[in-house]
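Read off the chains here:
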Amino acid sequence: MKSSASLERSRKITTFLTYAVLVIGAIIMLFPFAWMILTSSKTVAESTQIPPTIFPAQFITSNFHDVLTNLPFMNLYINTGLTILFRVICAVVFSSMAGYAFAKLQFKGKGLLFGIVLVQMSLPSQIFIIPQYQMVAHMHLANTIFALVFPGLVSAFGVFFLRQTYMGIPTEIGEAAYLDGCNQWQTFTKVMFPLTGTSVAALTIFTAVFAYGDLMWPQVVNSDVKMMTLSAGLATLQGQFQSNFPVMMAGALLAMLPMVILYLIFQRQFIEGIATTGGK
Amino acid sequence: MNNKLSAAARREQNWGYLMVAPTIIGLVVLNIWPFIQTIYTSFCEHLGFGHYKFNGIQNYLDVFSRPEFWRSTWNTIYFCILTVPVGLFLSLMVAMLLNAKIKGKGFFRTVFFLPMVCAPAAVAMVWKWIFNGEYGILNQLLGVHVNWVTDSKVVMIACAVVAIWSNIGYDAVLLLAGLQNIGKSYYEAADIDGASKVTQFFNITLPMVSPTLFVVMIMRLMSSVKVYDLLFMMVEETNPAVTSVQSLMYLFYRESFTAGSRGTGSAIVIWTVLLIGLITVVQFVGQKKWVNYDV
Chain V
1 MKSSASLERS
11 RKITTFLTYA
21 VLVIGAIIML
31 FPFAWMILTS
41 SKTVAESTQI
51 PPTIFPAQFI
61 TSNFHDVLTN
71 LPFMNLYINT
81 GLTILFRVIC
91 AVVFSSMAGY
101 AFAKLQFKGK
111 GLLFGIVLVQ
121 MSLPSQIFII
131 PQYQMVAHMH
141 LANTIFALVF
151 PGLVSAFGVF
161 FLRQTYMGIP
171 TEIGEAAYLD
181 GCNQWQTFTK
191 VMFPLTGTSV
201 AALTIFTAVF
211 AYGDLMWPQV
221 VNSDVKMMTL
231 SAGLATLQGQ
241 FQSNFPVMMA
251 GALLAMLPMV
261 ILYLIFQRQF
271 IEGIATTGGK
Chain S
281 MNNKLSAAAR
291 REQNWGYLMV
301 APTIIGLVVL
311 NIWPFIQTIY
321 TSFCEHLGFG
331 HYKFNGIQNY
341 LDVFSRPEFW
351 RSTWNTIYFC
361 ILTVPVGLFL
371 SLMVAMLLNA
381 KIKGKGFFRT
391 VFFLPMVCAP
401 AAVAMVWKWI
411 FNGEYGILNQ
421 LLGVHVNWVT
431 DSKVVMIACA
441 VVAIWSNIGY
451 DAVLLLAGLQ
461 NIGKSYYEAA
471 DIDGASKVTQ
481 FFNITLPMVS
491 PTLFVVMIMR
501 LMSSVKVYDL
511 LFMMVEETNP
521 AVTSVQSLMY
531 LFYRESFTAG
541 SRGTGSAIVI
551 WTVLLIGLIT
561 VVQFVGQKKW
571 VNYDV
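Those sequence lines, one after another, are chains V and S.
Position one of the first sequence corresponds to residue 1 (the numbering used here), numbered consecutively onward.
Position one of the second sequence corresponds to residue 281 (the numbering used here), numbered consecutively onward.
Be aware that one or more of the hints could be misleading.
To be verified - In silico lysine to aspartate or glutamate, DMTMM-like type, Cα no more than 20 Å apart, as pairs:
1) K477(S) x E8(V)
2) K383(S) x E8(V)
3) K190(V) x D180(V)
To be verified - Listed next, the stretches of chain S that the computed footprint assigns to chain V, with coverage defined by at least 3 CB atoms under 8 Å from CB atoms of chain V:
4) 310-317
5) 342-355
6) 430-440
7) 449-458
8) 461-469
9) 484-491
10) 509-520
Calculated directly from the structure, the hints in this document are not laboratory data.
In this text, a Cβ means the ideal position worked out from N, Cα and C, and glycines have one as well.
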């Protein structure tokens, strides 16, 4: 047996090391963000100065002005916002309906139809891109918000995820509503759907973060920079400002800002939402 | 027996069809039909403007004869090798630290998770600046002169660092949930037996968290095989080092949309799906050796 004094000491050392590693880790995680913010306020000359300065000699805002005049950020924000909005509405409405039906209703061919959901989930989205693009082009709908939303009109993942949620709700609750005179639709909208708030929030966050980060589809389908999302718009910046890093950092900062602010407000929902959708 | 359904059961069935209809129609139009089309297209020559001519396995022979294609396949696998084991190790470490009795747990969790809500395009831009060969802060701090983003020997390592940095918090949160399910009593019993922390890690923590670790690993592998946006943003098409990082999905994008050769593009994506399938099978067979489900 170790003496209690030495045990106490070793516990203190462990705690100290835990904090030390976590703090170093946190610095590594935050440094790129700090460096982005600092660089975005420097002149090009100062950003390429050797040895480098950490804080800008003078905080300037002209980089933000430059990036705003070279990239239609207002459009990018609106396009990204609308894409997220429509994709979330579609994912929540259609997936809730289907998830409920797959979990709680009996109908012939249910297994086969659910098989379609599973097939979609197991295939990488890139396998659909060429035909999806051709459909959009065929309908003459390239360079529209609709094109950005298109592959997200239905969400196989959402169906799978919400089916799990509905399966966790006792069937007796639905039966009680049914005996009280609700039909299937009313049972679903008035009784069952309101019980899935946490899962719907998780699906909303997952869908939003995915639509926000996705790069290939917006690049393929919308070539007009005014109709791009933030991610795709940002990608065009690289060609324009080869070595003007302060302007690019200003662009990256503007693109990150809305989602980071939402994240900081709804930390718990974001982390738990993304963790539950990804983990299971 | 089934064709004599009661009125109530028939109504239920109709509601079932009605409620899955939007999803199923959507999936068939947006995914199932495109999936079949992509398979077909991979056996066709693209004549332009969406017209195709069947040409058998010519596309596959074409891509298989190109060194660029095999290089992309290797790059994809290499990216997985560089990112998945190190990423999982670091995530597990962070998860274990966050599982300890410490103050500020919420703060650290928020910080480590932060890259998850940032667009990969923006994240890559910031790292590209940090890695910049001439003026980047990393070279200044290390006092070296490495062209991280343009030297074909190190560029993949730079990309792997960004990938690991981006995913560590997410994986850690998932692993933390797994760690929290391990009963305290196991550790208390081990403490009484005088087992060291290292022994406890290998005999309690690792076996107990292995099912979660397996799920996280599969997920990480799947998304690493499909890596595109990070690499595209770090190493643009005009960068001479592009051949050293070009993943299969990057090659697919350039082939299908920059070069407009959708037949060979489709062949590349089909190949990737087969590769994903193969990796999944290997993992599910391999898990029997190390994943512990008897708890």
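Consistency of the hints with the structure:
| no. | hint | result |
| --- | --- | --- |
| 1 | K477(S) x E8(V) | holds, 15 Å |
| 2 | K383(S) x E8(V) | holds, 18 Å |
| 3 | K190(V) x D180(V) | holds, 12 Å |
| 4 | 310-317 | holds (count 7) |
| 5 | 342-355 | violated (count 0) |
| 6 | 430-440 | violated (count 0) |
| 7 | 449-458 | holds (count 5) |
| 8 | 461-469 | violated (count 0) |
| 9 | 484-491 | violated (count 0) |
| 10 | 509-520 | holds (count 4) |
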